[in-house]
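Asker: Sequence:
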Amino acid sequence: MEIKKQNIHMNYEKASAMSQITLDDDYNLPDYRPDIVKVLKEKGEIRFDEIQVKEGRIYVKGNLIFHVLYRSDMEEHKLDCLRGQIPFEETISMDGVNELDPVDVTAELEDINIGIINSRKLSVRALVMLKAEMRMRKETELITGVAMEHPLEILQNRHNILELETCKKDNYRLKQEIELPQSKPDVEQILWKSVQLRGVETRLREEKIQLTGEIRLFLLYYAQKEERRLEWLEETIPLNGELACEGCSEEKIYRIQVTPASVEVEVRPDYDGEDRKISLDMTLELDICIWKETEADVVEDVYSLREEMTPAYEEVTMSRLLAKNYAKCRLTDHMNLKKNQENILQICSCEGMAFIDHVEPQADGLKVEGSLNVEILYVTTDDAMPIGTCRETFPFEQLIEVPEMTDDMNYELEAGIEQLSAILLDNTQIEVKAVLNLNLIAFSQENIQKMDEIRITERDMEELQRQPGITGYIVREGDSLWKIAKANHTTISQLMETNDLKSEEIQKGDKLLIVKMVS
1 MEIKKQNIHM
11 NYEKASAMSQ
21 ITLDDDYNLP
31 DYRPDIVKVL
41 KEKGEIRFDE
51 IQVKEGRIYV
61 KGNLIFHVLY
71 RSDMEEHKLD
81 CLRGQIPFEE
91 TISMDGVNEL
101 DPVDVTAELE
111 DINIGIINSR
121 KLSVRALVML
131 KAEMRMRKET
141 ELITGVAMEH
151 PLEILQNRHN
161 ILELETCKKD
171 NYRLKQEIEL
181 PQSKPDVEQI
191 LWKSVQLRGV
201 ETRLREEKIQ
211 LTGEIRLFLL
221 YYAQKEERRL
231 EWLEETIPLN
241 GELACEGCSE
251 EKIYRIQVTP
261 ASVEVEVRPD
271 YDGEDRKISL
281 DMTLELDICI
291 WKETEADVVE
301 DVYSLREEMT
311 PAYEEVTMSR
321 LLAKNYAKCR
331 LTDHMNLKKN
341 QENILQICSC
351 EGMAFIDHVE
361 PQADGLKVEG
371 SLNVEILYVT
381 TDDAMPIGTC
391 RETFPFEQLI
401 EVPEMTDDMN
411 YELEAGIEQL
421 SAILLDNTQI
431 EVKAVLNLNL
441 IAFSQENIQK
451 MDEIRITERD
461 MEELQRQPGI
471 TGYIVREGDS
481 LWKIAKANHT
491 TISQLMETND
501 LKSEEIQKGD
511 KLLIVKMVS
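Just so we're aligned: 129 in the UniProt record's numbering is position 129 of the sequence shown, and the numbers increase by one with no gaps anywhere.
Hints in this document: simulated from the structure, not taken from any laboratory. One thing to keep in mind: the hints can contain errors.
Stated by the list, open to error - With a straight-line cut-off of 25 Å between C-alpha atoms, the simulated SDA-like cross-links for lysine to any residue are: (1) Lys511 with Asp500; (2) Lys54 with Asn98; (3) Lys324 with Glu401; (4) Lys169 with Met18; (5) Lys225 with Leu345.
Unchecked claim - Just the calculated beta-carbon pair ranges, DEER-fashion: (6) Arg459 with Pro361: 44 to 52 Å; (7) Glu250 with Glu188: 44 to 52 Å; (8) Leu424 with Pro269: 34 to 42 Å; (9) Pro361 with Thr381: 47 to 55 Å; (10) Arg268 with Val379: 23 to 31 Å; (11) Val435 with Glu250: 25 to 33 Å; (12) Asn28 with Ala261: 24 to 32 Å.
Each residue gets a CB set at the ideal place from its N, CA and C atoms; glycine is no exception.
Turn these sequences into a full structure, and let the hints guide you.
Answerer: Here is the structure:
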């Protein structure tokens, strides 16, 4: 017997675990920093120093790196900044994991709050979600053909299957130098820096991945002139690059998530030795999954009129692409200053983060509810308090259409900002406009009975002889010509010829004449 097989590569989640940790510590200002009067802005990031996988657990060691922009008690230089870190260690329990297993650990900083204890001490509190995931790649063999020296009756069904070709992480590094405009003075000290991605898109090309979008750079700094006045710089840097990726082609299905892995912004001297050159060194991490849509004519059953053939089955889950949809959500709203905040003279920067809070399946797609956190840095009308900040959270809601919604659907959904702007209406009110990208890829899961092997034994001829040669049969609910032919030792073609059938479609109550065949 000759068996033809087709290999399908799949990725499956062997184990996963999450652990939410709270970091709570005090931070003492270095002696060279002036006293704190008010915290204006804070941000943080998680960096891992060590990840060890043990049997049943994962040991994680790292640091919370935080940055603070604050008002000081100095008369002339009213703003200052600092950078600090809080170390942490955590053990994540995860059943089924062993020392040599490949485990991917990610961290999400869900919240950070930095308050003042006294003029020399800060209270740092952060909520961190650690996620550990172990995905294994396995190969499944599907039987797509069976042949013997004599004819066989074979039942095949065509399946559209997503076959995983690539699942990896890679880095794209961007280096850019920006000259300060002639209208801007030299940089003496950077107080605050922000680098955000806007409208990032990825496309597959032949043997490479193309990245497009924008990088928004903002700097708040002290100038080098005698008055050492506050200045700021906003620049939009185009992102247009390529990353080599073996096996890529335009017709394949993909999901690529792009996140900043590291950002370094430095001031460097220009050709005249003046600090007027801004160097940006940024590394983007790409989480890449690429699938190939393939068809497989899977053998679901087989029998012979000579021997007894007994297939053995195993249930496997196959994926099929249901939808790949890019939705845009437009948002326009107002921000109003609180009574204790200084009035606005001019907006310096507008930063934002989009979050998905809840997803609800509906008949025609997925209803997505989320929030856009916006933070404005502005110049105030009060010279004694030159810089102020205001924050607001705006809810959004969007329906992403998914044809053929199924109960067993799996999906991945990512939210990003394509455009974000702030318009000053008056000295207490700001209009915020945003365009959000909601990128969805959805899969339908199909469980099929995969034939593993076929056992062949001699047919019981006495049992065969006891069966009637000609039988009248009334079709029952759930019957098919295949079931009837196999049970009565005949073939579909013989049944169709004997009963003058034009197709294999039969209905409950149909009357058939069955003639037993002996090979």
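Asker: Look at each hint and say if it fits the structure.
Answerer: Verification of the supplied hints:
no.	hint	verdict
1	Lys511 with Asp500	holds, 12 Å
2	Lys54 with Asn98	holds, 6 Å
3	Lys324 with Glu401	holds, 10 Å
4	Lys169 with Met18	holds, 21 Å
5	Lys225 with Leu345	holds, 23 Å
6	Arg459 with Pro361: 44 to 52 Å	holds, 51 Å
7	Glu250 with Glu188: 44 to 52 Å	holds, 49 Å
8	Leu424 with Pro269: 34 to 42 Å	holds, 35 Å
9	Pro361 with Thr381: 47 to 55 Å	holds, 50 Å
10	Arg268 with Val379: 23 to 31 Å	holds, 27 Å
11	Val435 with Glu250: 25 to 33 Å	holds, 26 Å
12	Asn28 with Ala261: 24 to 32 Å	holds, 30 Å
Comparing the model with each numbered hint stated earlier shows that all of them hold.
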